[in-house]
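Residue numbers (this note's numbering): 2 to 136.
Treat the hints loosely; a few may be bogus.
Stated by the list, open to error - The following label-pair restraints were derived from C-beta to C-beta distances: (1) A87 x K123: 46 to 56 Å; (2) E63 x N93: 12 to 22 Å; (3) A91 x A56: 29 to 39 Å; (4) K95 x V119: 29 to 39 Å; (5) E63 x A91: 36 to 46 Å; (6) D53 x N93: 25 to 35 Å; (7) S103 x E66: 54 to 64 Å; (8) K100 x D128: 18 to 28 Å.
To be verified - In silico BS3-like links for lysine-lysine, alpha-carbon gap of 25 Å or less: (9) K100 x K89; (10) K35 x K49; (11) K100 x K111; (12) K111 x K123.
Read the hints as simulated data drawn from the structure, not as lab findings. Glycine included, C-beta positions come from ideal geometry on N, C-alpha and C.
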Amino acid sequence: GEMASSIARDGSMDPTLIDVALTPEESAARANRKVRFRQHLVQTHAEKELVDAFARMYRMNETPEDPLEWLLTYFERDMHAQMERAEKLAVNYKRELQKAESEREELLAKVNTLEENVRSLKTANDDLKEIANRR
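Given the sequences, and given the hints that come with them, work out the whole structure.
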């Protein structure tokens, strides 16, 4: 059946985003979508990152010839810096973990030594008791 609405069916894009006469429901859906999209950009910090990038470009003495290329390079450098920080952090954690593991090994060795000492003391004590009982 024919739909009374103005929606043009298109699998890949949301048809309510095409500029045609919208029903009130479609109009509300579009407004909601805009609000949700904006909230998403704010919550994921994408908006802040983009604004910061444009602000930095704006403050440059020479406007980049290819702003898009500049933005791509800017974000790529940022990602590389983040990756380097993460790698350094991983190295530090690894070092801390190795330190903790070797300390644990040392403590276990001490515990083993103490247990051996306790065992030999018990043996010596038992021997002394036996000698005392013989008298």
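Hint-by-hint comparison with the structure:
1. A87 x K123: 46 to 56 Å: holds (53 Å)
2. E63 x N93: 12 to 22 Å: violated (39 Å)
3. A91 x A56: 29 to 39 Å: With a Cβ separation near 32 Å, A91 and A56 satisfy 29 to 39 Å, so the hint holds.
4. K95 x V119: 29 to 39 Å: Holds - the Cβ-Cβ distance for K95 and V119, about 36 Å, lies within 29 to 39 Å.
5. E63 x A91: 36 to 46 Å: holds (38 Å)
6. D53 x N93: 25 to 35 Å: holds (28 Å)
7. S103 x E66: 54 to 64 Å: Holds: the Cβ-Cβ distance is about 56 Å, inside 54 to 64 Å.
8. K100 x D128: 18 to 28 Å: violated (42 Å)
9. K100 x K89: holds (17 Å)
10. K35 x K49: holds (17 Å)
11. K100 x K111: At roughly 17 Å apart (the allowed maximum being 25 Å), K111 and K100 satisfy the hint.
12. K111 x K123: holds (18 Å)
Taken one by one, the earlier hints fail for this structure at numbers 2, 8, listed in ascending order.
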